[in-house]
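Number of protein chains: 2
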Amino acid sequence: MTDMNSQYVIGIDVGGQTTKLGVVDARGTVLAQTVIRTDTYDDINPYIAELAEALNRIIKESGKEGEIRGIGVGAPNGNYYTGTIENAVNLSWGGTRIIHFAELLSKAMNGLPVALTNDANAAAVGEMTYGAARGMKNFIMITLGTGVGSGIVINGDVVYGHDGFAGELGHVTAVRNNGRSCNCGKTGCLETYASATGVARTAREWLELSDEPSVLRSLDTISSKDVYEAAKEGDKLALKIFEFTGKILGRSFADFIAFSSPEAIVLFGGLARAKEYLLAPIEDAMNSNVLPLWKNKVKVVFSQLKESDAAILGASALAWEL
Amino acid sequence: MTDMNSQYVIGIDVGGQTTKLGVVDARGTVLAQTVIRTDTYDDINPYIAELAEALNRIIKESGKEGEIRGIGVGAPNGNYYTGTIENAVNLSWGGTRIIHFAELLSKAMNGLPVALTNDANAAAVGEMTYGAARGMKNFIMITLGTGVGSGIVINGDVVYGHDGFAGELGHVTAVRNNGRSCNCGKTGCLETYASATGVARTAREWLELSDEPSVLRSLDTISSKDVYEAAKEGDKLALKIFEFTGKILGRSFADFIAFSSPEAIVLFGGLARAKEYLLAPIEDAMNSNVLPLWKNKVKVVFSQLKESDAAILGASALAWEL
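Keeping their order, the protein sequence lines are chains A and B.
In terms of this note's numbering, the first sequence has 919 at position 260, counting the first letter as 1, and numbering is strictly consecutive.
In terms of this note's numbering, the second sequence has 760 at position 101, counting the first letter as 1, and numbering is strictly consecutive.
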């Protein structure tokens, strides 16, 4: 079915609401892409059927029928070793099941090989193949979205660990005492502070605890985007929120550096758009908390992938390794 | 000079006071060994000369002249990539210099190949080759000595990172606020609590802060060994000190697991002898702070290498990879 000289791959990003899929060439150009719903299916089988149909449609559209080398999938709780999605409570057809996603999809696509990993690992491979980490063999990808995800690359390989689930840096303990409660059941996890959700929590908490004036007070609900907009208008509380968020991130990054001594930490995701407010406090806190040998040595860089294509590119990059 | 079929290697453990060296076979038997002083030399050259002399003596003693495959060296601040020892302030001939140790030693030994890394990485390779981590491809070695060192193995390879200095887990921040000051210049480092020195510090601190009776009060100076002896006699304060130490370790181990998802964490070093008091609090704290998917899944095991041989074995194991 597959030809190792084929110069095109498929990237699929499985999200809670939608699934993005595209045909990608070796230089990272998305030749054709589309989106299907994820959340309208309670059962995996009709979802896979629609996904296969959509894939065949974009392959045809790209004019590359018979030239596809393989499929890369980024999905929450994706296990690279087994090709399964395990206990993905945020997927309507996920729940507490073990879903043999790669196997099912490969069958539906006439045997095309499928590689699967979690979304943050896929992003790391994408950045290494097409983006800010090109040429790097040791870096850590941190995705700042609804949660905080991570993909760790050591010696050019993604770290999957003993069980396939390594790289859950959103759940290291950032605040040891009285830390915020996390969806995972723990308290003080990095993602309760440094995700989009975490930034909104900080805003709500600080508004309640102080009388400091802020444009955020006039809002009924607050998202990290609201905090970003307020910061752009010079709102002091909003600026302090990003400073705090950056400090929490930088302190944790220092510990990550002690582990794998990366060349760079690459930031990606919605919250990474607040680069101008996050970078300085991250670097300050990071460099204050590393051993002298790493002070001002480790780069903090931001993703270079076009945001609309990044999810597909990240997943597709996995397929080159098939 | 070297014959790839040679079945013997040399292991050298460079410590601040003494240097241990031995001839080792493929099963981890030390055929001949000796010790020289490290701290009587201010300059590297006469030290290397004495080391070479001692090596030739034990090679002769083992009867394996001409059958040595290579030399493995474990040394503080050893860089695997460059074979150098950098800024080793605890070595009398170290200081703030960069010493081309592997090159100097290889020359002095007629071109025998030399591999060098830090002592904790050497211990990890030793444990993987001959000890508790045999057959494991993903584990973290934690050495509990004067300080806390670490050697991280992922997919069967030691993690050296971008610069050769990865695996400094003794310097992750264990206590964020009002943490103890560390030799490295930071505060709250894991090793200020969980090393032999850290245990002694805890004892002195707690004796001063409380009136709790303890056999430790009668001592002029307190070492971790004193605390261990007191615990064995059932001294309540001493037992609480180990409980606290284990908790600090276990909490940090939980963060390490989120990074590389190891099969096991292997403990080694003088303080690891207090296994009966450390294991339960380590496992409790570790399992309370990991994501549900790792709860009660990651083993905490203790080194299986004979303590008197361990340093030589660890270093020698490096030489098999030459």
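Keep in mind that the hints were calculated from the coordinates and are not lab data.
There may be inaccurate statements among the hints.
[To be verified] List of simulated lysine-lysine pairs, DSSO-like, C-alpha gap at most 30 Å:
| id | chain 1 | residue 1 | chain 2 | residue 2 |
| --- | --- | --- | --- | --- |
| 1 | B | K723 | A | K845 |
| 2 | A | K956 | B | K845 |
| 3 | B | K845 | A | K958 |
| 4 | B | K766 | A | K845 |
| 5 | A | K719 | A | K766 |
| 6 | B | K956 | A | K845 |
| 7 | A | K796 | B | K723 |
| 8 | A | K954 | B | K956 |
| 9 | A | K954 | A | K934 |
| 10 | B | K956 | A | K899 |
| 11 | B | K965 | A | K845 |
| 12 | A | K845 | B | K884 |
| 13 | A | K845 | B | K899 |
| 14 | B | K796 | A | K934 |
| 15 | A | K796 | B | K899 |
Comparing the hints with the structure gives:
1. Of the supplied pair hints, the one linking B:K723 and A:K845 is violated, its CA atoms being roughly 56 Å apart against a limit of 30 Å.
2. At roughly 17 Å between alpha-carbon atoms, A:K956 and B:K845 fall within 30 Å of each other, so this suggested pair holds.
3. Between B:K845 and A:K958, the direct Cα distance comes to roughly 20 Å. Compliance with the 30 Å bound is thereby established for this hinted pair.
4. Between B:K766 and A:K845 the CA atoms are separated by roughly 55 Å; this puts the pair beyond 30 Å, and the hint is violated.
5. This hinted pair checks out: A:K719 and A:K766 have alpha carbons roughly 19 Å apart, not beyond 30 Å.
6. At roughly 17 Å between alpha-carbon atoms, B:K956 and A:K845 fall within 30 Å of each other, so this suggested pair holds.
7. Pair hint A:K796 plus B:K723 does not hold up; C-alpha atoms about 40 Å apart against a cutoff of 30 Å.
8. Using a Cα cut-off of 30 Å, the hinted pair A:K954 and B:K956 is violated, with the two alpha carbons roughly 35 Å apart.
9. Note on A:K954 and A:K934: the hinted pairing holds, with a Cα-Cα distance of about 21 Å set against a maximum of 30 Å.
10. Proposed proximity of B:K956 and A:K899 is contradicted: the alpha carbons are some 40 Å apart, above 30 Å.
11. With a C-alpha separation of about 39 Å, the suggested pair B:K965 and A:K845 falls outside the 30 Å cut-off, and the hint is violated.
12. At roughly 35 Å between alpha-carbon atoms, A:K845 and B:K884 are farther apart than 30 Å, so this suggested pair is violated.
13. Among the hinted pairs, A:K845 with B:K899 is consistent with the structure: their alpha-carbon atoms are about 25 Å apart, no more than 30 Å.
14. With a CA separation close to 38 Å, the supplied pair B:K796 and A:K934 exceeds the 30 Å bound.
15. Pair hint A:K796 plus B:K899 does not hold up; C-alpha atoms about 44 Å apart against a cutoff of 30 Å.
Violated hints for the displayed structure, listed by number in ascending order: 1, 4, 7, 8, 10, 11, 12, 14, 15.
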